[in-house]
Amino acid sequence: MDRISPPLTGNERETLRAFLDYHRATLAWKCEGLTDEQLRRSSMPPSTLSLLGLVRHMAEVERHWFRRVVNGEELAHLWSDTHDFQAAYDASGSSRTEAFTAWREEVAHARRIESAAESLDVTAYVPSWKEEASLRLVMLHLIHEYARHNGHADFLREALDGTTGA
834 MDRISPPLTG
844 NERETLRAFL
854 DYHRATLAWK
864 CEGLTDEQLR
874 RSSMPPSTLS
884 LLGLVRHMAE
894 VERHWFRRVV
904 NGEELAHLWS
914 DTHDFQAAYD
924 ASGSSRTEAF
934 TAWREEVAHA
944 RRIESAAESL
954 DVTAYVPSWK
964 EEASLRLVML
974 HLIHEYARHN
984 GHADFLREAL
994 DGTTGA
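Heads up: the sequence shown begins at 834 in our numbering, then just goes up one per residue.
Just so you know, these hints were derived from the structure itself, not from any lab.
List time: in silico DMTMM-like cross-link candidates among lysine to aspartate or glutamate, alpha-carbon distance up to 25 Å: (1) Lys963 to Glu907; (2) Lys963 to Asp914; (3) Lys963 to Asp917; (4) Lys963 to Glu951.
What follows is a list of derived Cβ distance ranges for each label pair: (5) Pro879 to Thr997: 21 to 29 Å; (6) Ser952 to Glu906: 19 to 27 Å; (7) Glu991 to Glu907: 33 to 41 Å; (8) Gly843 to Pro879: 38 to 46 Å; (9) Thr868 to Thr956: 41 to 49 Å; (10) Asp994 to Thr842: 32 to 40 Å; (11) Glu865 to Ser925: 17 to 25 Å.
Beta carbons: idealized from backbone N, C-alpha and C, even for Gly.
Using the sequences and the hints given, assemble the complete structure.
This is the structure:
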């Protein structure tokens, strides 16, 4: 796995960008070498949480925060007609190709939007919070979201084949 460690002396934007990319790469790494069936295997019934579900969920999260919030795009959810982020977790009918294609596309959009922003101080209205939030906060929120779910991915992967490691 080719994960680049965040810089120890980079500026704020470089550091945030690198930590976000590090966590994105970690999620992809946790899914390497597994079959579609293994990627769809849920953690513990009745939960539908699976590695593939995490990839789908993070595609929705990237789409929401960067495209809807920061860029102001009006977009439907990828896997829900009712704007339910949890629906992405149910990957029972999904494949690696479907989930990773959507995730990679959303990551590419996110990178483009972040790169085009004038600064980390750019703000956008967050409807669920009823307040403005900065790009800085959005990036920190995504880092937190990935870090939390990568912890889930650690357990899911270990349960599948014993693979551990951060």
